[in-house]
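Peer 1: Spelled out, the chains give:
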Amino acid sequence: DIQMTQSPSSMSASLGDRVTITCRASQDIGNYLSWFQQKPGKSPRRMIYGATNLAAGVPSRFSGSRSGSDYSLTISSLESEDMAIYYCLQSIQYPYTFGAGTKLELK
Amino acid sequence: QVQLQQSGTELVKPASSVKISCKASGYTFTSNYMHWIRQQPGNGLEWIGWIYPGNGNTKYNQKFDGKATLTADKSSSTAYMQLSSLTSEDSAVYFCARSRGSYYVMDAWGQGASVTVSS
Chain B
1 DIQMTQSPSS
11 MSASLGDRVT
21 ITCRASQDIG
31 NYLSWFQQKP
41 GKSPRRMIYG
51 ATNLAAGVPS
61 RFSGSRSGSD
71 YSLTISSLES
81 EDMAIYYCLQ
91 SIQYPYTFGA
101 GTKLELK
Chain G
1 QVQLQQSGTE
11 LVKPASSVKI
21 SCKASGYTFT
31 SNYMHWIRQQ
41 PGNGLEWIGW
51 IYPGNGNTKY
61 NQKFDGKATL
71 TADKSSSTAY
81 MQLSSLTSED
91 SAVYFCARSR
101 GSYYVMDAWG
111 QGASVTVSS
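Here the protein sequences line up with chains B and G, keeping their order. Under my numbering, the first residue of the first sequence is numbered 1, with each subsequent residue one higher. Under my numbering, the first residue of the second sequence is numbered 1, with each subsequent residue one higher.
Hint data in this document are derived by calculation from the structure and do not stem from the laboratory. Be careful, since some hints might not be right.
What the hints assert, rightly or not - Partner residues are not named here, just some residues of chain B that face chain G (Cβ under 10 Å, in silico):
(1) F62
(2) P95
(3) T97
Treat the numbers as computed from the prediction; the structure is a model and nothing was measured. Even for Gly, the Cβ is constructed at its ideal location relative to N, Cα and C.
Use the sequences and the hints to build the structure in full.
Peer 2: Right, here's the structure in full:
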């Protein structure tokens with residue numbers, strides 16, 4: 001199975017900060033990488049697909065990038081509504097695998 | 001708009017089975033994949049498998065072989081997941097999520113169905 005190593009597992013940041021979360025894939029996954037946001041008691045919401053494509057309705061402060069086997073989700077200017085757990089997902093090989101999640105909290 | 005409406009909370013006994021539903025609306029049910037994802041209490045997300053309602057084809061995470069069975073009813077645009085031989089380990093929230101393919105994956109999610117296994 002492809003392992004998705006997500007870091008950090010948790011972080012705290014201030015409003016207006018630039019925040020970056022990273023997933024490293026254990027095998028080549030091309031651009032078959034998505035990012036999801038999950039707030040407490042809610043379903044996950046897709047934020048990024050194809051490593052760099054912003055999903056419909058997602059604010060432009062969110063962006064995705066790739067450098068080799070490292071994939072990043074960046075929030076350019078943190079807002080209070082962004083506090084959540086973020087997961088990456090690879091969908092190139094079965095079984096699809098998620099990262100362990102990054103809990104983003106307000107400092 | 002795309003909506004996935006899941007069945008409600010289930011409290012079931014060990015060794016029994018449960019069937020969760022996911023009713024789709026707002027898109028062509030038979031032309032999209034329906035994935036199922038597990039989230040155990042306080043844990044992350046785990047992919048169970050998908051069904052393609054157009055032809056009934058399925059793909060499972062080997063971990064859930066024999067545990068989960070995915071079906072779909074085209075007439076009611078509803079996907080189902082049956083979980084069998086339940087143990088406390090199966091207590092979790094189960095989500096359905098639509099995909100148009102492996103690249104355009106999981107763009108809409110159901111609200112989740114909670115299953116608690118307890119005697």
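Peer 1: Hints first: check each against the structure and report whether it holds.
Peer 2: Do the hints match the structure? See the list:
no.: 1; hint: F62; result: violated, 15 Å
no.: 2; hint: P95; result: holds, 4 Å
no.: 3; hint: T97; result: holds, 7 Å
Hint violations for this structure: number 1 only, all remaining hints satisfied.
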